[in-house]
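Same order as they appear, the protein sequences are chains Z and D. Heads up, the first sequence stops at 220 in our numbering, and the numbers go up one at a time, no gaps. Heads up, the second sequence stops at 220 in our numbering, and the numbers go up one at a time, no gaps.
Some hints here could point you the wrong way.
Ranges of calculated distance between the beta carbons of each label pair, as one might list FRET restraints [as the list claims (entries may be wrong)]:
1. D:185 - Z:179: 49 to 59 Å
2. Z:174 - D:158: 23 to 33 Å
3. Z:90 - D:135: 16 to 26 Å
4. Z:103 - D:213: 39 to 49 Å
5. Z:43 - D:176: 51 to 61 Å
6. D:142 - Z:210: 50 to 60 Å
7. D:146 - Z:119: 33 to 43 Å
8. D:171 - Z:144: 47 to 57 Å
No wet-lab data here; the hints were simulated from the structure. Backbone N, C-alpha and C fix where the C-beta goes; we use that ideal spot for every residue, glycine too.
There are 2 protein chains.
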Amino acid sequence: MGLSYAEENYLKAILKLSGSPDGTVSTNAIAAQLDTSAASVTDMLKKLSDKELITYQRYKGASLTEEGQRVATMLVRKHRLWEVFLVQSLGMTWDEVHEIAEELEHIQSDRLIDRLDVFLGHPKFDPHGDPIPNAQGKYTLRAQFPLTELKPGQEGVVIGVREDDTSFLKHLNDKGLTIGKSIIILSNDEYDNTLRVSVDDLELNLSGKVARSILIKPV
Amino acid sequence: MGLSYAEENYLKAILKLSGSPDGTVSTNAIAAQLDTSAASVTDMLKKLSDKELITYQRYKGASLTEEGQRVATMLVRKHRLWEVFLVQSLGMTWDEVHEIAEELEHIQSDRLIDRLDVFLGHPKFDPHGDPIPNAQGKYTLRAQFPLTELKPGQEGVVIGVREDDTSFLKHLNDKGLTIGKSIIILSNDEYDNTLRVSVDDLELNLSGKVARSILIKPV
DNA sequence: GACATCTTTTAGGTTTGTCTAAAAAATATT
DNA sequence: AATATTTTTTAGACAAACCTAAAAGATGTC
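Could you put together the complete structure from these sequences and hints?
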């Protein structure tokens, strides 16, 4: 009945990589995502296919079945609820919670997750601004766009990020850029592709790469 | 550096079985505790010995080294802190938390455990009345004795149990016997070895076996 | 359409943790 | 002390999840 950590991680990777709901994902893409060899991926795809969690044909890539999608979405739900707990209850920072949640998401107990959800007050978004699926797998999207869309003089509030890379989040944290902070664009250097912005009355520079990964909503 | 779940479970089993601090534990005892074969235990004892977490000689049993004892004690700390969280914060009952904590105790992050300890207010005892080691591995014992020591007319308060078997805890729960409840001994049938007691103005019978596993302190 | 390249799979091997069956050591019995 | 019994270890195998190297299939280029 229960799946191994490895099986669960493959399902999560496939969900993450399949942009469209039933998009198929290549062996190499999964190998890159999980930092493993293509040969190992092929082995696992066969196993998940036998368990009817994915549909898979040799040389044709894989896609989640309905059941696989359900399992993967519940993993995302668990991951994000634990992240909220770590930040909101334990006072950890958003750059240090991802790896811990990566372990916590594998704890097996539906009842635990339901209680945690209640305890946290049914949060709809995690500390990175990503939506948390409910027990039925449904989640709310929200209007958000990258910081680079704003023009000089305009203002936005940080509601999330596009990556969960620890060093990236730590970088933002060090600059004082966290969820809820208000950012005003001062200038936009088209030539070297950097932004000068104001946060908490402090001015700082952001590279285009970083700015593109910061998600905001208009004020 | 990090240990596998299996290695950690062996260390915990050895700690649990070594009554005296440096008591040695037999291969069969560990096999019974972990519900595995003696051959598997022998394999693992060799590995843990190579890692200098236990001292082990063929046919002579095993005992924890100082480092092994430290690791095992921290696992107990993690297990019991998580149990407090599950009961106190999430409102779960003491009979359902053991198995979940058995998984949670393996999550790797000292910082997480320190924050959890702070969040819970540095609890000294878990929901079953067992002491929680602090970050240095020290813990407080407390005056406690089995319910069977009380004589008719005497009163005691439940502060723990001697087993963590789920069905046993569920049984107590169903009878309304939880931590903090006050029990008065009404009579003691020496012949068939049962007690008649009063809890919350309700009378009930307890077998000698059950009564021996309930730990109380005098009022 | 033939050749080169990239992707994916197969084949064979490793490690971890488990198992059963058989051998060896320790302990108990008479 | 010799024998029987129990405990523990060794030997050999297996499943899960991974690896490298080689083969097979798909794709791109001229």
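Here is how each hint holds up against the structure:
no.: 1; hint: D:185 - Z:179: 49 to 59 Å; result: holds, 56 Å
no.: 2; hint: Z:174 - D:158: 23 to 33 Å; result: violated, 47 Å
no.: 3; hint: Z:90 - D:135: 16 to 26 Å; result: holds, 21 Å
no.: 4; hint: Z:103 - D:213: 39 to 49 Å; result: holds, 43 Å
no.: 5; hint: Z:43 - D:176: 51 to 61 Å; result: holds, 55 Å
no.: 6; hint: D:142 - Z:210: 50 to 60 Å; result: holds, 57 Å
no.: 7; hint: D:146 - Z:119: 33 to 43 Å; result: holds, 38 Å
no.: 8; hint: D:171 - Z:144: 47 to 57 Å; result: holds, 48 Å
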